[in-house]
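Taken in sequence, the protein lines are chains A and B. Under my numbering, the first residue of the first sequence is numbered 1446, with each subsequent residue one higher. Under my numbering, the first residue of the second sequence is numbered 19, with each subsequent residue one higher.
Some hints could be false.
Claimed, not checked - Far from chain A, some chain B residues (derived; all Cβ distances over 12 Å):
| # | residue |
| --- | --- |
| 1 | V22 |
| 2 | A35 |
| 3 | D45 |
| 4 | R46 |
| 5 | R85 |
| 6 | E96 |
| 7 | D101 |
| 8 | N110 |
| 9 | G116 |
| 10 | G121 |
Said to hold, decoys possible - Straight line, CA to CA, 25 Å or less: simulated DSS-like cross-link-like pairs of lysine-lysine:
| # | chain 1 | residue 1 | chain 2 | residue 2 |
| --- | --- | --- | --- | --- |
| 11 | A | K1448 | A | K1502 |
| 12 | A | K1523 | A | K1498 |
| 13 | A | K1507 | B | K74 |
| 14 | A | K1502 | B | K21 |
| 15 | A | K1448 | B | K74 |
| 16 | B | K60 | A | K1448 |
| 17 | A | K1448 | A | K1498 |
| 18 | A | K1523 | B | K60 |
| 19 | B | K74 | A | K1504 |
| 20 | A | K1523 | A | K1504 |
| 21 | A | K1507 | A | K1523 |
Said to hold, decoys possible - Here's a subset of chain A near chain B, in silico, CB distances under 8 Å, partners left out:
| # | residue |
| --- | --- |
| 22 | F1506 |
| 23 | F1550 |
| 24 | A1552 |
It is worth saying that the hints were derived from the structure and are not from the lab. As the structure is a computational prediction, the values presented were derived from the model and not from experiment. Think of the CB as a built atom: it goes at the ideal place given N, C-alpha and C, for glycine as much as any other residue.
The primary structure of each chain is shown beneath.
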Amino acid sequence: GPKVLQIPSHQIIDMGQMVTLNCDPVSNHLYFYWYKQILGQQMEFLVNFYNGKVMEKSKLFKDQFSVERPDGSYFTLKIQPTALEDSAVYFCASSPLGGGNTLYFGAGTRLSVL
Amino acid sequence: QQKVQQSPESLTVSEGAMASLNCTFSDRSSDNFRWYRQHSGKGLEVLVSIFSDGEKEEGSFTAHLNRASLHVFLHIREPQPSDSALYLCAVNTGGLSGKLTFGEGTQVTVIS
Chain A
1446 GPKVLQIPSH
1456 QIIDMGQMVT
1466 LNCDPVSNHL
1476 YFYWYKQILG
1486 QQMEFLVNFY
1496 NGKVMEKSKL
1506 FKDQFSVERP
1516 DGSYFTLKIQ
1526 PTALEDSAVY
1536 FCASSPLGGG
1546 NTLYFGAGTR
1556 LSVL
Chain B
19 QQKVQQSPES
29 LTVSEGAMAS
39 LNCTFSDRSS
49 DNFRWYRQHS
59 GKGLEVLVSI
69 FSDGEKEEGS
79 FTAHLNRASL
89 HVFLHIREPQ
99 PSDSALYLCA
109 VNTGGLSGKL
119 TFGEGTQVTV
129 IS
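Could you build the full structure based on these sequences and the hints that come with them?
Shown next as structure tokens:
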């Protein structure tokens, strides 16, 4: 099926540093998403993005978080500055049109904040 | 707020025997439901999507939705050891935005 690629697969950084997680969504998809999964817990919605704008964000999407997709390149999640509680696996997803369409997920980026 | 719960937490089945997983949700107005699975260290693979009450079959996977009882089931027919994975129920709670709420998953182990 369609593939969403996430780079890197694992990132280790010191608390307070900035980190950017990269996602290469399916080429003709229009909706993009980030989900967060803390070890042993459910995957939780962070944010979705369409037409260059954030459509909806959850309470987990702190002020230190931002997303963008400049000129159709990677869809990125930036965290600046990072905190210990940001350690989690971050999953990127994309879908053709949102709504009833299937979301296709990447393999995740494991972020470890020390 | 939508709540999605899955049972059992883990399930061991013999190769070839039927496996049945349960997912309950709290918002009866939810409009579509998906089952995904995740092999260790891999991304999520969509198995079956269902939009209306009744059954939907995709290969060896059958989803059964009953909105009145707030349940969506997944049946795995003749599972193989390669079907050992974490199975996740996802409910669309975001309307047009496609936002999904996930359950905690059922870890399925298929033994030969």
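Structure-based check of all given hints:
1. V22: 8 Å, violated
2. A35: 27 Å, holds
3. D45: 15 Å, holds
4. R46: At roughly 17 Å from the nearest Cβ of chain A, R46(B) sits farther out than 12 Å, so the non-interface label holds.
5. R85: 15 Å, holds
6. E96: E96(B) clear of chain A: closest Cβ-Cβ about 22 Å, beyond 12 Å.
7. D101: Per Cβ check, D101(B) is outside 12 Å of chain A; nearest 17 Å; holds.
8. N110: 7 Å, violated
9. G116: Its Cβ does come within 12 Å of chain A, the nearest being 4 Å, so this is violated.
10. G121: 7 Å, violated
11. K1448(A) to K1502(A): 24 Å, holds
12. K1523(A) to K1498(A): 15 Å, holds
13. K1507(A) to K74(B): 38 Å, violated
14. K1502(A) to K21(B): 18 Å, holds
15. K1448(A) to K74(B): 24 Å, holds
16. K60(B) to K1448(A): 12 Å, holds
17. K1448(A) to K1498(A): 23 Å, holds
18. K1523(A) to K60(B): Distance ~22 Å between K1523(A) and K60(B) Cα, so the pair holds.
19. K74(B) to K1504(A): 34 Å, violated
20. K1523(A) to K1504(A): With a Cα-Cα distance of about 16 Å, the restraint between K1523(A) and K1504(A) holds, given a limit of 25 Å.
21. K1507(A) to K1523(A): Measuring from Cα to Cα gives roughly 11 Å; hence the hint holds.
22. F1506: 12 Å, violated
23. F1550: At about 4 Å, which falls below the 8 Å cut-off, the nearest Cβ of chain B leaves the hint on F1550(A) intact, so it holds.
24. A1552: Result: holds, 4 Å to nearest chain B Cβ.
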